[in-house]
Amino acid sequence: MTAPADVTAALQSKFPAATLRPSGDHPALNLPVAEARAALKYLRDEFAYDFLVDVTAIDNGVDVTPRFTVVWHVYSTSHHGYVRLAADCANDEAPVAPTVSDLWATANWHERETYDLFGIKFENHPDLRRILMWDGYPYHPLRKDFPLAGIQTPLPDLEVADLTKASVKPAPMMGGPFVASPGEINLTDAEPRAKDESWTERREKPASE
Amino acid sequence: MVSANNELAYNTKIEGDIVVTRADAVINWLRSSSVWPMPMGLACCAIELMGVAASRFDIARFGAEVFRFSPRQADCMIVAGTVTYKMAPHVRRIYDQMAEPKWVIAMGACASSGGMYRSYATLQGVDQIVPVDVYISGCPPRPEALLDALIKLQSKIKKEPSAKQLLASA
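Here the protein sequences come in this chain order: H and U. -13 is the number of the first residue of the first sequence in the numbering used here; add one for each residue after it. 211 is the number of the first residue of the second sequence in the numbering used here; add one for each residue after it.
Rather than coming from a laboratory, the hints here were simulated on the basis of the structure. Incorrect hints may appear among the rest.
As a list, the in silico SDA-like pairs of lysine to any residue whose alpha-carbon atoms are at most 20 Å apart [as the list claims (entries may be wrong)]: (1) LYS151(H) / LYS368(U); (2) LYS27(H) / VAL50(H); (3) LYS155(H) / TYR327(U); (4) LYS362(U) / ILE228(U); (5) LYS130(H) / LYS155(H); (6) LYS181(H) / ALA256(U); (7) LYS151(H) / ASP337(U); (8) LYS368(U) / ILE257(U); (9) LYS296(U) / PRO13(H); (10) LYS296(U) / SER323(U); (11) LYS296(U) / ASP74(H); (12) LYS296(U) / ALA135(H); (13) LYS368(U) / VAL344(U); (14) LYS296(U) / LYS181(H); (15) LYS366(U) / ASP234(U); (16) LYS151(H) / MET297(U); (17) LYS312(U) / ASP358(U); (18) LYS107(H) / ASP74(H); (19) LYS296(U) / SER153(H); (20) LYS155(H) / ALA331(U); (21) LYS366(U) / ILE237(U); (22) LYS296(U) / GLN138(H); (23) LYS151(H) / ASP358(U); (24) LYS130(H) / PRO13(H).
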């Protein structure tokens, strides 16, 4: 199968609700979440986009509607083109998206990860469990309202939690998060460190002027 | 006529087939000379741990070459790497399954303090769930640092009141 001359035009004629998505690299389209699965199947079957590179999501912000956007990247191993599809989830409180795990087996774990970290439920997924955090963890850590340091919760194993009196605690940020400095500077300066070292857990952050 | 004893070492001709010593000295000598490690390799520190066991650094020189993947047969858990909260209960369970006496080495920044992982997923120091005997700094530590930690652990074992503990537990 050959590369389509204009895959976006073909998709837009088949799915009139699809709109162009600003993109710096590959063809990208926004489309309604209800049509995402059909569009991906169409890309796979008609245009040989046979490889699902990634399923991920975006949290646009706590107060933004629509809050969650699911993003799919597909690639063709025969004509070597990429396409990006994005769909806004209708419900901000309990976001739902269609599964593509029956179209690409790799989507199974990608969707579990997206469910784990963003809390987006993939309808008809065969085994939608958390994949990184443990079963029963109450939060979705990549959501914008989840702090990087974490939130206090019990350890996954209550017996060990009782024995050790340990729990999941917010990590000490000490003015972090810690990032390495890029560029041609000496290695000591490039070490990961807090960008704002004016405050720590013990010393309050100074009020901004 | 009594002559001074000029013998500096044990001499069977003088003392017969008897060695006089303290129980602690013998027990601790046995324990410290054959520490069987339990390699709790969780991240990149485990690669250095393998280097320690291999020929160049050769932890066998200190009697600790018998890496046991069963906690029942191990004396010293070497926590080498990042301990996530998901993994932490399993580390504790494996520690609980080790037979007494047992020791723990926290190898590297992550096991000692969470290291660079100041995030929601990482236990900030394995000493929150198991008692640690020796901490090693470094990210990852050099193999020499682990050998140094083992020597420090051996000197710690040699100071333990082992005979008293054994009689108390009997």
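Against the structure, the hints:
no.: 1; hint: LYS151(H) / LYS368(U); result: violated, 31 Å
no.: 2; hint: LYS27(H) / VAL50(H); result: violated, 30 Å
no.: 3; hint: LYS155(H) / TYR327(U); result: holds, 13 Å
no.: 4; hint: LYS362(U) / ILE228(U); result: violated, 31 Å
no.: 5; hint: LYS130(H) / LYS155(H); result: holds, 19 Å
no.: 6; hint: LYS181(H) / ALA256(U); result: violated, 31 Å
no.: 7; hint: LYS151(H) / ASP337(U); result: holds, 12 Å
no.: 8; hint: LYS368(U) / ILE257(U); result: violated, 29 Å
no.: 9; hint: LYS296(U) / PRO13(H); result: violated, 39 Å
no.: 10; hint: LYS296(U) / SER323(U); result: holds, 16 Å
no.: 11; hint: LYS296(U) / ASP74(H); result: violated, 31 Å
no.: 12; hint: LYS296(U) / ALA135(H); result: holds, 16 Å
no.: 13; hint: LYS368(U) / VAL344(U); result: holds, 14 Å
no.: 14; hint: LYS296(U) / LYS181(H); result: violated, 29 Å
no.: 15; hint: LYS366(U) / ASP234(U); result: holds, 13 Å
no.: 16; hint: LYS151(H) / MET297(U); result: holds, 16 Å
no.: 17; hint: LYS312(U) / ASP358(U); result: holds, 18 Å
no.: 18; hint: LYS107(H) / ASP74(H); result: holds, 13 Å
no.: 19; hint: LYS296(U) / SER153(H); result: holds, 11 Å
no.: 20; hint: LYS155(H) / ALA331(U); result: holds, 10 Å
no.: 21; hint: LYS366(U) / ILE237(U); result: holds, 13 Å
no.: 22; hint: LYS296(U) / GLN138(H); result: holds, 14 Å
no.: 23; hint: LYS151(H) / ASP358(U); result: violated, 31 Å
no.: 24; hint: LYS130(H) / PRO13(H); result: violated, 27 Å
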